[in-house]
Amino acid sequence: MRQRKLAIVSGGLAEPSSTRLLADRLATAADRALEELDVEAEVGVLELRDHAHGVTNMLLTGFADERLGAAIKDVVESDGLIAVTPIFNASYSGLFKTFFDVLEPGAIAGKPLLIAATAGSPRHSLTLEHAVRPLFSYMRAVVVPTAVFAASEDWGSASSAEQALSKRIDRAAGELARLVASEERPNRLDPYEDVTSFEDLLDG
Amino acid sequence: MQFGVFSVGDVTPDPTTGRVPTEAERIKAMVAVALKTEEIGLDVFATGEHHNPPFVPSSPTTMLGYVAARTERIILSTATTLITTNDPVKIAEDFAMLQHLADGRVDLMMGRGNTGPVYPWFGKDIRDGIPLAIENYHLLHRLWREGVVDWEGKYRTPLQSFTSTPRPLDGIPPFVWHGSIRSPEIAEQAAYYGDGFFANNIFWPKEHFIRLIDLYRRRFEHYGHGRADQAIVGLGGQVFMRKNSQDAVREFRPYFDHAPVYGYGPSLEEFTEQTPLTVGSPQQVIEKTLKFRDYFGDYQRQMFLMDHAGLPLSTVLEQLEMLGSEVVPVLRREFDALRPAHVPEGPTHAALKAAADGKALVEAADRP
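Chains as they are written, first to last, in the numbering used here: chain A, 1 to 204; chain B, 205 to 572.
Treat the hints as calculated values from the structure; they're not laboratory data. Positions of the beta carbon are idealized from the N, C-alpha and C atoms, including for glycine. Among the hints, a few may not be true.
[Said to hold, decoys possible] Distance windows between CB atoms, simulated: (1) Thr369(B) - Leu60(A): 55 to 61 Å; (2) Thr221(B) - Val45(A): 20 to 26 Å; (3) His345(B) - Ala109(A): 50 to 56 Å; (4) Ala559(B) - Val45(A): 55 to 61 Å; (5) Glu411(B) - Glu42(A): 20 to 26 Å; (6) Gln450(B) - Leu21(A): 45 to 51 Å; (7) Gly245(B) - Ala109(A): 48 to 54 Å; (8) Glu538(B) - Gly106(A): 50 to 56 Å; (9) Ala90(A) - Glu411(B): 35 to 41 Å; (10) Glu193(A) - Gln364(B): 53 to 59 Å.
[Claimed, not checked] Footprint (simulated), chain B over chain A, 3 or more residues, beta carbon under 8 Å: (11) 123-130; (12) 194-201.
Chain A on its own, in the form it takes in the complex:
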């Protein structure tokens, strides 16, 4: 079995949070879809609320504390990402955006990514398309076609809405799994190990 790393980023603030709930369901579905493709997934979950001070400090000082540094490393070195944000005021939450703001340019370029969001009202559903997808397109991540949105009413059990959500979760997870399984992630260049020689720098 091939090995892949999946990183789940959850921007939920409450405990328990519906954002985390959705993140877990997506993670489980992606894990299952990868298994069907003969891929063994190592799944790591990052709760952004645990790093709320850390990302703010990093905005000011420019460096990550040890815990945040390790979390960023997991995200950057993953083979695929699932990013889930609550919708606040018709957009991603500030904490969610700040986490992606402190990453190095190009940190998630080319990385398969599933986007998802939770909100209190279904009227926020297209926020994924209008705000979240452009953010990650700008960061040059490969965002899968299906984005998963869940409003409060989608969590009702056995209703048609819940079945629709489950189908959507499976479809999105399948899209992510196929990308993650098919691509061998290139090793990232380490600028401190792979030095551009000074002669090349002098030549511009």
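Once you've looked at the hints, dock chain B against the given chain A.
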């Protein structure tokens, strides 16, 4: 091992009183710090260069020339000289002039400057920061070593039959450090020329600077300037001391909490744990500074940031007294005892001249 003080030259309100020094007071305070640096037996004073408020030192060689006239012993340096936005021709001239006036007690540190708006004021673009640092320094390096220079580059008007005057004192260009917080290209540049590399070391965790310095040392050896452990490394440090560490923490906290750069961010406790900042007793400063050698190897110059964040001059001078009497003598003794014989001392004009004279003698003897 050389020890010194570097000043950013920020005009910051004292958060405990709200008092803001005038520019005149701040400039004179920087001079007072420089004079004190010599008085307490340290080796180097360095000034920053800035072209925007709230900073005062826009004209480093003017200040250093004045300090040169009032001191006998200390090396006058910069932290940093903007190699991106200054004309390299003017840097060559200004620092050669200072070298003559100060009888060789001059070196300087190249830096790019990370304040975006400054670049266009000097006709440049911050996105060209690295290429500017590379081209401009390459020209500066030639201007100090070649009597007549023909030159054409991308960022400056061409030169034909140009001689930079005055020539460096005794034909020995000022020693150059390259300072960087994060760019591997600058460590590579320092290694290529066999110049010194200075890691600011004050704002970020040591792990980051370990990687930069390792890169510099490895490439210094690659370019044939000596062994990796003979490369010339300088480090910054930042301390606030009182006899009892609790007093130091209590007194420094408001300055830390409101300081430029890290103020309103991490707590003092977090920042001292994560970065080389030490707030405590002189003994704690000694212990933390000695650890730098474990992380970065034997190094040649340790600079301390002492006058910033609105600390009143009287407090800064007290801090310098403690640094000179209780900290540096111990560090000097310990570092010198640990340093192997093949690792060079901090660079001085006299040492560079002796090395050049020695090389000339060998070459003369080799001639038939």
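Q) Should the hint that His345(B) and Ala109(A) are 50 to 56 Å apart at their CB atoms be regarded as holding? A) About 36 Å separates the Cβ atoms of His345(B) and Ala109(A), which means 50 to 56 Å is violated.
(Q) Between the stretch 123-130 of chain A and chain B, are there enough contacts, at least three residues with CB-CB distance under 8 Å, for the coverage claim to hold? (A) With 0 residues in contact (Cβ-Cβ under 8 Å with chain B), the coverage given for the stretch 123-130 of chain A is violated.
Q. Between Ala559(B) and Val45(A), does the beta-carbon spacing fit 55 to 61 Å?
A. Distance hint for Ala559(B), Val45(A) holds at roughly 59 Å.
**Q.** Hint check for Gly106(A) and Glu538(B) - Cβ pair distance inside 50 to 56 Å
**A.** violated, 43 Å
Q: Take the C-beta atom of Thr221(B) and the C-beta atom of Val45(A), compute their distance, and say whether it sits inside 20 to 26 Å.
A: violated, 49 Å
Q. Do the beta carbons of Gln450(B) and Leu21(A) sit within 45 to 51 Å of each other?
A. holds, 47 Å
Q: Could you tell me whether the CB distance from Ala90(A) to Glu411(B) stays inside 35 to 41 Å?
A: 40 Å Cβ-Cβ, so the 35 to 41 Å window holds.
**Q.** Range hint 48 to 54 Å (beta carbons of Gly245(B) and Ala109(A)) holds or violated
**A.** At 53 Å between Cβs, range holds.
Q.
The hint says 20 to 26 Å between Glu411(B) and Glu42(A); measuring C-beta to C-beta, is that right?
A. holds, 25 Å
Q) Do the Cβ positions of Glu193(A) and Gln364(B) conform to the proposed distance bound of 53 to 59 Å? A) violated, 42 Å
Q. Given as covered by chain B, does the stretch 194-201 of chain A meet the bar of three residues or more with CB within less than 8 Å?
A. Since 5 is at least three, the answer is holds.
Q) Between Thr369(B) and Leu60(A), does the beta-carbon spacing fit 55 to 61 Å? A) violated, 45 Å
Hint compliance for this structure: hints 1, 2, 3, 8, 10 and 11 are broken, all remaining hints hold.
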